[in-house]
Structures are given as C-alpha cells and as structure tokens.
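A.B. asks: The chain contents come next:
Protein chains: 2
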Amino acid sequence: MPPAASDAAFAVAFTHRLRFTRDVLDPANPVLSEVLAPAEGSPGKLLVFADEAVLQNWPTIAPRLEKHLAANLPWMTLAGEVTSVPGGEQAKNDWSVFEQVARMICESSICRHSFVMAIGGGAVLDAVGFAAATAHRGVRTLRLPTTTLAQGDGGIGVKNAINAFGHKNFFGTFAVPWAVINDEQFLSTLSDRDWRSGISEAVKVALLKDSAFFDYIEQIAGQLARRDETALRPIVRRSAELHFQHIANGGDPFELGSHRPLDFGHWSAHKLEALTSNRVRHGEAVAIGIALDSLYAARIGLLPEQDAIRAVNTLRIIGFDLYDDALTDTSLFEGLEEFREHLGGRLTITLPDGIGRQVDVHEVERDEMLAAIDWLKSLVESRRSRTA
Amino acid sequence: MPPAASDAAFAVAFTHRLRFTRDVLDPANPVLSEVLAPAEGSPGKLLVFADEAVLQNWPTIAPRLEKHLAANLPWMTLAGEVTSVPGGEQAKNDWSVFEQVARMICESSICRHSFVMAIGGGAVLDAVGFAAATAHRGVRTLRLPTTTLAQGDGGIGVKNAINAFGHKNFFGTFAVPWAVINDEQFLSTLSDRDWRSGISEAVKVALLKDSAFFDYIEQIAGQLARRDETALRPIVRRSAELHFQHIANGGDPFELGSHRPLDFGHWSAHKLEALTSNRVRHGEAVAIGIALDSLYAARIGLLPEQDAIRAVNTLRIIGFDLYDDALTDTSLFEGLEEFREHLGGRLTITLPDGIGRQVDVHEVERDEMLAAIDWLKSLVESRRSRTA
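Chains as they are written, first to last, in the working numbering: chain E, 1 to 388; chain C, 1001 to 1388.
Keep in mind that the hints are not guaranteed to be accurate.
As the list claims (entries may be wrong) - Derived contacts from chain E toward chain C, CB cut-off under 10 Å, selection only: (1) 31; (2) 107; (3) 175; (4) 245.
These are computed hints drawn from the structure, not numbers from a lab.
Idealized CB from N, CA, C, for every residue including glycine.
When you get a sec, could you build the whole thing from the sequences and use the hints?
C.D. replies: Right under this line is the structure:
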C-alpha cells in the first residue's frame, strides 16, 4: 500500500513584467506588442475595463486602442466595448464591479489564456483584478495604473481586493499580473490631490530601503509641491522599481510569513481611512502614518530624532496635511489588531532605524504612540501658525 | 532614471501534505498534532465547517474534536461551534456557503495564520475552500475529505470553486491547503452511489499513468462491486497518491499551461452533469466520460481496441451505468468548447495510447466521437439484454 504520509515541497514559477512608457496607445509605441508577444498563439481576446474618470479625461481610449491593435497586434481582438467602471474606493466597496467584470468575462468567452485589461486607479485595478483572478481560477491581466499611487505602489503589486464586512481588502487573492504598464501621460490629468497622494508611498519605500532616494525626494520636495511633472516622473519610477524588486526578490511575494516592510505606516493609515469614511484618501493617510511611525521610532530610541523630523518635513513640504483629528479617536489603536489579523500571525510592524534602513518590532508602546501623536500635532500646528 | 522595462522571474514555494489514517479524532491518533506542529506559535484558532450529512452520520465530531484538541493541541482553540453546511453540488451552486464561511472568518477574527477546517465531500471542500482562500487573501485550510471521490481525487488537489452563470467551477482559485487528511472511517457511512462514484477517478489516473494499478483494479472490480471496504482502501490511497504526485511533480500545479491530463474524460463529464441537472453525479459522469474517450481513442487508432474494452468492462463490473441518453443531446459537443474556455488556450484533450500511457490531442473528430457514443450504447445495451 502507498505510504500513509506524503509531504511535497514544490514551487510555482511566475513572470512579472513592469514597463514605463508615454502614450502606450500611440500606434508607434512598441510596449504593448512587446509585452504581449510571448502570448501570441493564444486565443487573443482582450476585454477592457476603465475608470470612468479616466475615460472622461481620455475619451479616445477605445478607438485608439482598436487602431493600436489593428496596426500592431492583428492576432488580438477586442471583446466588445471598453467598459466604464466607477473609480475610487466605491469600485471595491461592494461586489457590483466584481460581478460586472465576471459576467462580461463569462459572456465574452474569455478563457484563462485571454486577457483582461484594467485601466484606472488602485481601487479599479483591485476590483477588476479580483474578478479576473477568480473567474476560471484566473484570467491573464494587464494593468494600466493611472494614478501616482497606483503607478508607484499598488498597481505594481501582486494583490487584488474588495472591501467587505467593514474591513478594507477583506476579500482578495495574490495573483501575478501578466504585465503592468505605467503610462506617464495619465498623470497629467489627475486632480492635485491624486497627483500628490501617491508620493507618500515613494517616501515610505525610500525611508526603508534607499537613503539616496530619500535625499533626492527631500531635495526636490518643493518642485513636487508645485506640481512639477518632470520632478514627479523619476520619483514614481524609482518607487515602482523598489516595490517591484521587493516582490521579485523579497522572498515572500504571496506574504506567507509575517514580515511586511512595505506596510510601514499602514496600520494607522488603514484605520484613518475607515474612521474618516475615506475623506482622508489612502496616499494621504499613508503620509500621516509614516510621519507618525517615524516620530514613534524616534521616541522609542530607534530612529535619530533629526531623521524623523526630516521625514515629517519632507512630507509636509510636498504638501501633505499630516494631522487629522481622527488620530485622537479612541478606536485608532484597534487598527493595530485589525492590521495583525489581516496579515496573520504575530503583530509585526516595520520601522526605520535610520534613513534607508528598517527593523521589525512586535509590539507598540501605547503611551509612546500617544506621545508621538501629540508631537505630530504640535509640529503641524506650529507650522500652521507660522504660515498663518 | 531606473530602466524602462523590468522582467522578473520568481518562484513561490509551497508545502503540500497528505495523510491517510483511521479515526483522526481518536485522542491517541497523532496525525492532526503532527501536521499542525509546524504552525505552533501561530494564533492557533481553528474554525470548522462540516457537511450536514457527515454530521448526521458522525454526530460526535464536535465534542470529540474538542477533546482531541484539549489532549493533543493545547495551543489550539476552537472558534465557536462546528458549523453545518449543506452537502453536494448545492453547496457550490450559489454564494450562500461562501458568504457564511467568510462572515464567520470575519466574526471569529480568523487571521491568515489561523486555520479553517472543512469536513465533507468535494463540493463542501470547494465552497469552504474558496471562501478561506479569498478571505484575507487566504487563510490556512485543513481538508478532511469524506467521500471516495474527494479522498481519491478532488480533495487532494489545489483547487477550489463555486459554480456561476450556469458554468461549473466558474469562480475559484488555486490554493495549496495546509494539509489533506484522508480518514478512511468516513467511507463506511457513504451511500452505495457515493461509495462507488469516486472509483472512476482511480480508473482514470490508472489508465493514464499506472498500468499495474489498472491491472489491480481490473482484478478486484468484482469485490468493489460488492462494496468490499478492504478492496477499496488501497484503491483510494493509490489514486490520491497519483493525483498528489501529479500536483507536486507534474510541473504545472496552478495550470498555467494547457496540458491537463487529469481532466481525461472530463469534457463530456462536466457537460453530462449540467445536461442532467446533476442527476448523474460527478464520479458517475467521469466513468461515462472515460469509457467514451477510451472508445474514441480506439476508433481513431490511438488505443488498441482490446484496451478500450478492458477500460469499459472494468468500469461496468464496478457497477457504473456507462450510458445516459443525455449523450445524444445536440449540445453535448458544446462541452468541448466550454472545457477549452475554462482551461484556457488551445483545446487539449488527453487520451490513453496504451494502458498507463497518455498523449495530448488538440482536436476531436465529431463523426468518430458520435460513432464512439453509438459503440458505447451498444456495449451497454448488449450487456443489459444479456443480464435481463
């Protein structure tokens, strides 16, 4: 009789592709053809969903995509129209976008080797991506992130999600997209808030992993505050690259362990978003979360005080409002347990112990965190009064 | 500026555990402690869902599990009661079981490192597994399959699913369970149909991969027909082992390619289940599908005729009814396209070209398949008239 116990260790191989370009739909732009080339011989269907705000700003996406395919990818056919989906957090606050995408995958006979393309901010990529990742147990996905946040962080990752039961990202999967294409042209039509808000994730990854990158952001913070597009582009690109490298080389792309450095500052950020019903947007909340945890790291003697102040000042100069009254909500600290529960295992918070360096801690001293909140408030208020 | 294009190849490592035992809840049975040992130090919560039919036959599961944990796994706590869920295909025909499981994961504060245990047939494992695989992007799962089919095939795999839009398994993910524990005791209370139906998957994998195993099944087919439990056990175990090895060593556990040998006979089986509104159960439909595709393989000169007849006779002697009028439904052949669409890419059907050997074909000759259906009908009818 065969053995009573079998353990098998096996690995699943993935390829993750990241591209930076301008005007991907230009008939002369080779990026789309190049990333799709390995799939030639596949059924060659492409089903496209786009953020309604993006379609308003870029109304020629559908005809240009059709022309681009005809000129460059004759083996690929568009399945139906480009479908508009609501953008922002509402895209993932219920099952409606998920349901719409899944139904169209079914009705358009999209198979596992066909493609779903999602064009939009992080929430649209999340909701469309979750449907594409679970229909037929996973259809190939092309992501075209359109916001600073999605191009520099969320769109690069291998996660998708919708919110449920009052919990952000309660449902989702880890799924490696076929390719992520960052088209810098989309950044030009963002609102000032959306243009700015993703820069916090660049500051985050710089603080943890790359001191030279932090120095650079600090140096050009004023240009970013003035919405200088040429200043933004290398920031987004380096941020995306660092997030991409973390997934490819960090050793735990599907987060089976508890070490989660890229969630620095996120325990309070997620809670702030919920406490303010998304009045504070993700990138803005992350700016606050980074500032707070940097000051906390200084208070517990982990990070030199001047480094914490540099982090706070850089974010402030870029234009982030780093204090919100929701920080004093007594339920803020529930965010720690929600963070632990969502990620699993032991509470693990990553903090910088120098600029460009990081360490994991497994508990948070509540009094010191409360003191860090007060400190953050006083830093913001003294600046406000000086400006006034 | 960082490069404009980055490709990263990376691998995600998984461990798959398979155990065979009898009475896993016996306080002296070490299997559960042993498979959970690597997780000690985790939050140690266990949330349990069981097939209502299984709970009726084994009403002491909940108190015995509690005692087992107290005696053997003091670091593990049961989250609430053992929850009963409907069994059979209805468990996965809508979102209700999924929703119930997900809500309880949320309310019981089950994190990614906690455990969901699913006890039941394949449909229960599928629906509970899909919820557990998407809540928090994947909670650890223990599978205790209770049917011949689930112990020998479905429960061993790394797939989960629910049905939607009239398509079997439309939604699902690939997710490696923490462990699969086959407790042979559960087989004793199965109905004769459920006891028998999973044997078809053993015949399937034997025909494709292991001629000695096929010879053995052929030899003891009469004992299986008489519901001889000692004859069944090694069959289930070898079938499970071959399916397990295919996942671990087959090179494509998440089915990113198109080669899908373990779906031999399944294109018509899935369609028969749908056409008969599940009157023909999965294992029974697979028996018909294997018989049909074996005769087809003989007709196109791939498989020696006497080998096809051996396959048909072995299934018949075990007790399978190998012909159903739904085979003449004109929509049967839509099953081929649905099969292709679900799996993705080019149509790829695996057929035996000898007992214990296999080859992929990429088209099906409709006339020959129709002739194979007639042939199967005549074989079954001649036997019926002889028996009458």
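A.B. asks: Does each hint fit the structure? Answer for all of them.
C.D. replies: A quick look at each hint next to the structure:
no., hint, verdict
1, 31, "8 Å, holds"
2, 107, "8 Å, holds"
3, 175, "8 Å, holds"
4, 245, "8 Å, holds"
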